[in-house]
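In order, the protein sequences belong to chains A and B.
Heads up: the first sequence is residues 392 to 625, going by the working numbering.
Heads up: the second sequence is residues -11 to 248, going by the working numbering.
Don't read these hints as lab results, they were simulated from the structure.
Certain hints may be false.
Residues from chain B that face chain A, not an exhaustive set, calculated with beta carbons under 8 Å [what the hints assert, rightly or not]:
1) 66
2) 77
3) 78
4) 92
5) 118
Computed list of lysine-lysine pairs in DSBU-like fashion (alpha-carbon distance at most 35 Å, straight line) [stated by the list, open to error]:
6) A/499 to B/122
7) B/196 to B/62
8) A/611 to A/585
9) B/122 to A/611
10) A/432 to B/159
11) A/499 to B/69
12) A/445 to B/208
13) B/159 to A/445
14) A/611 to A/433
15) A/539 to A/585
16) B/139 to B/234
17) A/499 to A/432
18) A/516 to A/536
19) B/162 to A/539
20) A/399 to B/122
21) B/164 to A/455
22) B/69 to A/541
23) B/162 to B/42
24) B/22 to A/499
25) B/62 to A/573
26) A/446 to A/419
27) B/69 to B/208
28) B/55 to A/499
29) A/499 to A/611
30) A/516 to A/446
Small disclaimer: the values here were computed from a predicted structure and weren't measured.
All C-beta atoms, glycine included, are put in the ideal place defined by N, C-alpha and C.
Spelled out, the chains give:
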Amino acid sequence: MAAGDELKLIGTWASPFVARPRIAFNLKGIQYEFLQEEFGKKSDLLLKSNPVQKKIPVLIHGGKPVCESLIIVEYIDQIWSSSGPSILPTDPYDRAVARFWAAYVDDKLPLQIRPFIREADEAAKAQAIEQIVAALQHLEEAFEKCSKGKSFFAGDSIGFVDIALGSLIGWLRAVEVLAGVKLFDEERIPGLAKWAERFCSSDAALGIMPETAELVEFSKALRDASRAAAPPSN
Amino acid sequence: MRNALPSFSHFLWTSSIPESSHKNRAMAAGDELKLIGNWASSFVARPRIAFNLKGIQYEFLQEEFGKKSDLLLKSNPVHKKIPVLIHGGKPVCESLVIVEYIDQIWSSSGPSILPTDPYDRAVARFWAAYVDDKLTLQFRPFIREADEAAKAQAIEQMVAALQHLEEAFEKCSKGKSFFAGDSIGFVDIALGSLIGWLRAVEVLAGVKLFDEERIPGLAKWAERFCSSDAAMGIIPEPAELVEFSKALRDAFRSAALPSN
Chain A
392 MAAGDELKLI GTWASPFVAR PRIAFNLKGI QYEFLQEEFG KKSDLLLKSN
442 PVQKKIPVLI HGGKPVCESL IIVEYIDQIW SSSGPSILPT DPYDRAVARF
492 WAAYVDDKLP LQIRPFIREA DEAAKAQAIE QIVAALQHLE EAFEKCSKGK
542 SFFAGDSIGF VDIALGSLIG WLRAVEVLAG VKLFDEERIP GLAKWAERFC
592 SSDAALGIMP ETAELVEFSK ALRDASRAAA PPSN
Chain B
-11 MRNALPSFSH FLWTSSIPES SHKNRAMAAG DELKLIGNWA SSFVARPRIA
39 FNLKGIQYEF LQEEFGKKSD LLLKSNPVHK KIPVLIHGGK PVCESLVIVE
89 YIDQIWSSSG PSILPTDPYD RAVARFWAAY VDDKLTLQFR PFIREADEAA
139 KAQAIEQMVA ALQHLEEAFE KCSKGKSFFA GDSIGFVDIA LGSLIGWLRA
189 VEVLAGVKLF DEERIPGLAK WAERFCSSDA AMGIIPEPAE LVEFSKALRD
239 AFRSAALPSN
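Let the sequences and hints guide you as you build the complete structure.
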């Protein structure tokens, strides 16, 4: 695959996982065709390109599919290594640290958003908030260590951990509204609170981060769909 | 090689300076290496296999059953889990992150664990992530209190995942011995490290997982992997793990935690 081959990204406007390669492409200044999936329906192209997981995002580069959001971001960083900033650090140790924290984000946060986009009782929601708060506390310490006083986890420009966590800001803010709690609390996590503002107003995130109100609205549609599908709750 | 090497003058200048001043320079292949883990963990097996492939020696610090060492808690305060690699005093955590790190630092030793081509690399990472997503959780009903329904469902999940991995093996290996081709690579390590426990589950559940009729490619690959030099001495005997699983179930029961 070469940098000039045909590029399509299958996804939706609301998915934080889809936001990740989109932010990476913005950072690298690369154009691509964005194929938006219809709500509630998986396209033939998606099913054909990701038959194992049937999930978005999927990047199709010169006809060949790349799946899993963070794997796609690493792929973009390699193929377009000469465009824009490096998304992953060059130093192997720093790279391992970045991968550790990106994996931490995926291990601890997306699951806790679930009780807000489907049927869930108040106890489940309260526990999810606890988990999110605890994870953000660890990420605050990680931010202090990784950023070394600069604007982003990766330093002067947005990098791998910034993308992994930054892509979730929209939904975390929606949860703040839905649960009536402050997650990016300037007293508890001052570094991350300011980092989140900086990330959302960056060129790389422009036009990609959904508005909080839009996601709150969309979450109603997701909860309705979950209720109508009526499987036993996980 | 992409890791930064100290310049010649830096080397001269720092040669007589105490250890603590070396803290901020890049890790080099010759620095002190310790791996915290135990004999039974599939995750710990992964960096051990990688080090074998690269012909690298390291100090293996085995954790005591039921107890987390101070070094572990200090080196991995976030997850408190094994394996942890300590290289020149700095910790690297998460088994597959450690394997990628080993591949980069010792890129000039032994075979490449990850493919050099970016697309092939993305495919390898996809299947390694798939192994961790679909297989590792399914061992749980066999190492703690669980009813027959939970165990049956776990077996179903494993069989389905191994079917997908059989297709992946056919595609990735292109007729060669391993997912990565002629030598063991990233997906081989990710899945191969689980063979001990998969065979233990075969005994515990009385089912054949590496069924030569259902998944002929993987059945032969598993034999090949276990008898390779890289895996030698690392993949535990199923009988040992079956025995160990009793200790795990007892520990779980006596901790009197509600089952998850």
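### Earlier hints that do not hold, by number
2, 7 and 19
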